[in-house]
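Engineer: Residue numbers (my numbering): 7 to 301.
Hints listed in this document are in silico derivations from the structure and should not be mistaken for laboratory results. Treat the hints with care, as some may be off.
Here are the computed distance ranges between Cβ atoms for each label pair [said to hold, decoys possible]: (1) L8 with Q136: 43 to 51 Å; (2) K47 with K197: 16 to 24 Å; (3) R205 with N301: 33 to 41 Å; (4) I300 with K228: 44 to 52 Å; (5) N301 with D93: 32 to 40 Å; (6) D116 with M7: 33 to 41 Å.
For each residue, glycine too, the CB sits at the ideal point set by N, CA and C.
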Amino acid sequence: MLKKLIIILGPTASGKSDLAIKLAKEFNGEIISADSRQIYKEMDIGTAKVTKKEMDNIPHYLINIINPNQEFTLAQYKKLAVKTIKDIQKRNKLPFLVGGTGLYIQSIVDNLQIPEVVPDKKLRDKLENQTNQKLYNQLKKLDPESLKVININNKRRMIRALEVCLSTKKSFSQQRKKGKPLFNILQIGIKPNKKTLERKINQRADKMIQAGLIEEVKNLIKKYGHKPYSMSGIGYKEIISYLEKKISLDKAKELIKIHTRQYARRQMSWFRRDKKIKWIKTYLEAKKIIRDFIN
RNA sequence: GGGCGGUUCGCAUAGCGGCAAUUGCUCGAGACUGUAAAUCUCGCGUCCUUCGGACUUCGCAGGUUCGAGUCCUGCACCGCCCA
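Please model the entire structure based on the sequences and the hints provided.
Structural biologist: This is how it looks when you write it as structure tokens:
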């Protein structure tokens, strides 16, 4: 008998965190974050982390787990998340996986079998210097199937596919498999209407600036420089451009809003694929679905 | 009042006689298994089921031409300079 897991997902700024906290209070739950940016310590304002106070004594996991100059991967996330969820279940609490990183969520929902090939920096650098056409030709030989899913212009993903092929001597596409379900899962999605979401996104961006996003970015640059991958997130890259005097503050704000909107769109296009998601509008709807699910 | 320069798909931009018209952004749709807030693809005048075809477009009104976004004339609006 699989143990139960509730997933709360939705586009950025849709109110997932608030909803999840309320639900966790209601159902004796604890929260595991599924957010690829909130894993970083010291990146609080720009990633819209909930504050200690907002957490309202509900334990939150997988937030603030690594430094901004460290690397983090899907495979690590999956291991940590599964372990954390099981741990919560062992203590007879209801785990709530909450976030907007579609791939992270899918790794749990579909129990993705991630090829155990650790990123090989040297190989990646070497491949990085080759032309896309060359990488494409090589992939065509080693794993033609993968080209159905990877475009010739997508160097990053061609490199990963080659990395897996070369290291395992097997094709990458053969190894992208789903495992047996790990949990009995209920997926709840928040789908705000477009106008509302756009308004919330804009308001949140302005609030971030007021709350000291610029200071946060300055401090991060001082400690880690502006090169780490963590600084490529929305809200950070734009403020960096502003601090480097490439754009005005108004322009930076505008770009943050645009990029966030585009991100929300990409998230929705990811979520739309999963027909198991139950889309809701209100807390009460969510509460009812969960009640039915756990009884 | 005079002299230039401009007016092209939401915004910006190309176009100097064969064009439904370039490019970037926005916007819309989509892909996604160890970087995923990343990376990448497609679409974007209207209509037709398609390779494709039909129709309407480049400030407005005329003109030249087989053919005009492109040349000519007039008008309107915007920008800069001289008064």
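Engineer: Each hint should be assessed against the structure and marked as holding or not.
Structural biologist: Each hint tested on the structure:
1. At roughly 45 Å, the beta-carbon separation of L8 and Q136 lies within the given 43 to 51 Å, and the hint holds.
2. A hinted range of 16 to 24 Å is violated for the C-beta pair K47 and K197, which are about 31 Å apart.
3. The supplied range of 33 to 41 Å is met by R205 and N301, whose beta-carbon atoms lie about 37 Å from each other.
4. Restraint check, I300 to K228: a C-beta distance of roughly 47 Å satisfies the suggested window 44 to 52 Å.
5. The hinted range of 32 to 40 Å is not satisfied by N301 and D93, whose Cβ atoms lie roughly 24 Å apart.
6. Taking 33 to 41 Å as the suggested C-beta distance range, the pair D116 and M7 does not conform, at roughly 20 Å.
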